[in-house]
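Peer 1: The primary structure of each chain is shown beneath.
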Amino acid sequence: MTSTPVTLVRPFPHPVELRRRIWYLDAAETRVFASRHALLVSAVLLWLVTLPRIDLDDMSGLGLLSVMPWTGYASLIVLTVSFFIGVHQGRAVFEMAVHLAILILILHATPALLSGTVRYSWAWKHIGIVDFIQRNGIVDPDIGVLDVYHNWPSAFGMAAFLTELAGFGSAASFAAWAPAVFNGLFVAALVSIFWSLTSNRRIVWTATWFFLITNWVGQDYFSPQAFTFFLYLVTIGILLRWFSKRPPVVVLSWAERFRLRVLRGAQVLRLILREGRVVGTETAIISHSDQEASTSLEDAAKSDDARGRLLATTLRGQRQTRLMFGIILVILAAIITSHPLTPMMMIVGLSGLVMVGVGAARMLPIVVAALTAVWMLTGASSFVTRQFEAVTEVTGLVTSNISATFLDLSSAAVSQVVIAWMGRSLVAAVVVLAAFGIIRWIRGGVFDLRPLVLLIAPLLMVVGGSYDGEAVFRVYLFALPFATFLGAHAFYPERAGGSSTRTAAAAIGVGLVLMTGFLFAYFGKEDQYTFSLDEVRAAESIYAGAPDGTLLIEGSPNYPSKFVFYERFVYVPISREPQTNRARILADPVGVLEEWMANRDYPESYLIITESQKAESDALGIMPAGSLDAIEAALLASPRFEAVFHTDNASVFRLADTKEGS
Amino acid sequence: MNRDLMWPGIVAVSTAAIVVVTVLQIGPPLAPPVAFWFVFVCPGLPYVRLLDLRDPLNEFLLAIALSLSIESIVSLVLLWRSAWTSGRMLQVVIAITLLGVLLDADRTGWRSVTTSRVEALRPDSIGRSND
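Those sequence lines, one after another, are chains A and B. Taking the working numbering, the leading residue of the first sequence gets 606, the next gets one more, and so forth. Taking the working numbering, the leading residue of the second sequence gets 1406, the next gets one more, and so forth.
Source of the hints: derived by calculation from the structure; they are not laboratory data. Check each hint, because a few of them may be wrong.
Example chain B residues on the side facing chain A (calculated, C-beta under 10 angstroms, incomplete) [said to hold, decoys possible]:
id	residue
1	L1410
2	G1414
3	I1415
4	V1426
5	V1439
6	Y1452
7	L1466
8	W1489
9	V1498
10	L1503
11	L1507
12	T1513
Ideal Cβ positions, reconstructed from N, Cα and C, are used throughout, including at glycine.
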């Protein structure tokens, strides 16, 4: 046998020439580069122009939207157009990854860059747990305040370790960047998951983009749930990529497709499910192409090609498989001891995968359930014992668990009603998009149960409880990756193929509509979620030297609170007081609050009122609009109170008599 | 340098760097990048490399997930024993990291170095190299 001589068509350039080509572009190359990246560069420039023009102090009821100049919206529109043109043209992975990275920066780094403080009051509480561990080197499962975190402390211990190693005094130094980091990690995990579900890169990129612009529920901040959600995605990714054999490909003739659609729907479905079990996987049916040979369903499912695809995704040898299982167990242990809800999501998700034949995961739901039970009976036993009755009371009450998530809009400001409905509309849009995608997916002849079960499984969690009114948010978050994956099929077929300009235009249109909903739902409450440095300093002025058992009266809990020495205080938020007490305070702020703060059960007493508290109280209608302003003004005018800290954004009071006495 | 030993080397150097940063109590701005790199990647990467995935995205993704998980579990054990300090935790994490580095180096580096030396001494390989 003679070998064919190889002709070197493109000789490798001389190193000097190569270096020149790397660093310098000629005119033609520059034009190509500029035309390819003009939109992307424009989007970045528009964003950079936008940042200094935003003044957070001017925010009104629509949050960041009320102060965003037109360049900010233009930046997102141009970036969206650039991204979907890239999807349409099938551009390189690196280019698409850059688009995603810039979107993450625009959406999730902007608040940190503008305010310089940590977003969300509850993120500050998590910083407080890290501070507790740094100071004490222990957790206290029976502690009276924020006890749930002491019962699931792993992630906080890790965060405390990171804080100390980095040389920071507090996790507040870096926690503002957590949303950007977590979204980056989510995207990497999602791309991995989507690549194992499809080989069509258009679907991968579109689904990932849709995830970023529909994940409005705010579970990406400095928190154990964001950490464990990332670990959940990684675990599901491992199972789909290395333990779930790829669907065998079945190529159908036009006659078979006709029978599939019209005559043999139920029969074929049964065959798919049976074949799925027989080969230990799900069966995908990819529609007929003239260039491909057609075979019968049964033969194709057992063909060498199908088996080759199955083997291609397995690990090399028993040693690697055992090691991968070991890694999964370590990740699961971290999830189980970091967050109470994610293991439940993991159990239902893994059970769903087992049901559709991901054979390697068969034991994992049982393992996770057993480990979770062990942790709840040991490390978290004190919390579980205290909460057992409350949990069993709401178990099965699906309607009330769902309704607990929704805000009571009857007394909310108009802007809040708009924002709430934008969020709900965005959820509805995702559901419609996913449904449309599923229909197109199945009509295209594809049937893969894995994303479907991972979409549906989290819904079971609303049976378990309301999770402090967050049940629907959590279900949405865990179902969202697979909803967007299926939603992307509304635009692109499973099998990689061409993309028409009309499809690209439709994707841009839908992307912009979803982005609009996201901006309202995610940034609409920014005046409540973003805190000024004044507010942080006001809280620090209290925490610095207060003794154990100090009474801290708060306008509402919505401010940077509990982030240092949190266990030393008894917290009394006015907004959470019974209606009669709130009415008494509003009628006579000085008299009632003086009476409360003079209580000799507490060594010291403080009262804090901030802009964010006022924004939340007024927007949600917790108290009549302007109530906290009125209380603050009354205390400032009273000689019986001393303002130990006062700026336009925050005030801290204590009794003037107390100071004199001490 | 043998390419197979590059990552074990990087992890070992990173471990040394975090020790220096901690012992000398170097704070920001130098400490955070060293600490974040170490905490996010180093303890898990050597074990993930044992899988020989040949897939950089998934290797780093798994390395981050495993690193943070290892540190979470170590912190949990120390918290449970009322013995949590960052110094003690660093000692345990470094031990886990270096064990992984040794296993990784043993799997890839030493074996490939030995193999390449044996290959180089074989007469037929000498002949091939002259072709």
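Peer 1: Against this structure, judge whether each hint is valid.
Peer 2: Here is how each hint holds up against the structure:
For L1410 of chain B, the interface hint is violated, since its Cβ never comes within 10 angstroms of a Cβ in chain A; the closest pair sits about 20 angstroms apart. Using the Cβ-Cβ criterion of 10 angstroms, the hint placing G1414 of chain B at the interface with chain A is not satisfied: the shortest such distance is roughly 21 angstroms. The beta carbon of I1415 of chain B comes no nearer than 18 angstroms to any beta carbon in chain A, farther than 10 angstroms, and the hint placing it at the interface is violated. Given the 10 angstroms rule on beta carbons, the hint for V1426 of chain B holds: about 7 angstroms separates it from the nearest Cβ of chain A.
Because the smallest distance between the Cβ of V1439 of chain B and any Cβ of chain A comes to about 8 angstroms, under 10 angstroms, the interface hint for this residue holds. The criterion of a C-beta within 10 angstroms of any C-beta in chain A is met by Y1452 of chain B, whose closest approach is roughly 7 angstroms, and the hint holds. This hint holds: L1466 of chain B has a C-beta 5 angstroms from the nearest C-beta of chain A, less than the 10 angstroms allowed. With a least beta-carbon distance of about 4 angstroms to chain A, the hint placing W1489 of chain B at the interface is held under the 10 angstroms criterion.
Because the closest C-beta pair between V1498 of chain B and chain A is about 8 angstroms apart, less than 10 angstroms, the hint holds. With a cut of 10 angstroms, the hint placing L1503 of chain B at the interface with chain A is violated, because the nearest CB-to-CB distance is about 17 angstroms. For L1507 of chain B, the shortest C-beta to C-beta distance to chain A is roughly 15 angstroms, which exceeds 10 angstroms, and the interface hint is violated. Checking T1513 of chain B against chain A by beta carbon gives a least distance of about 14 angstroms; that is not within 10 angstroms, so the hint is violated.
In this structure, the hints that do not hold are numbers 1, 2, 3, 10, 11 and 12, in rising order.
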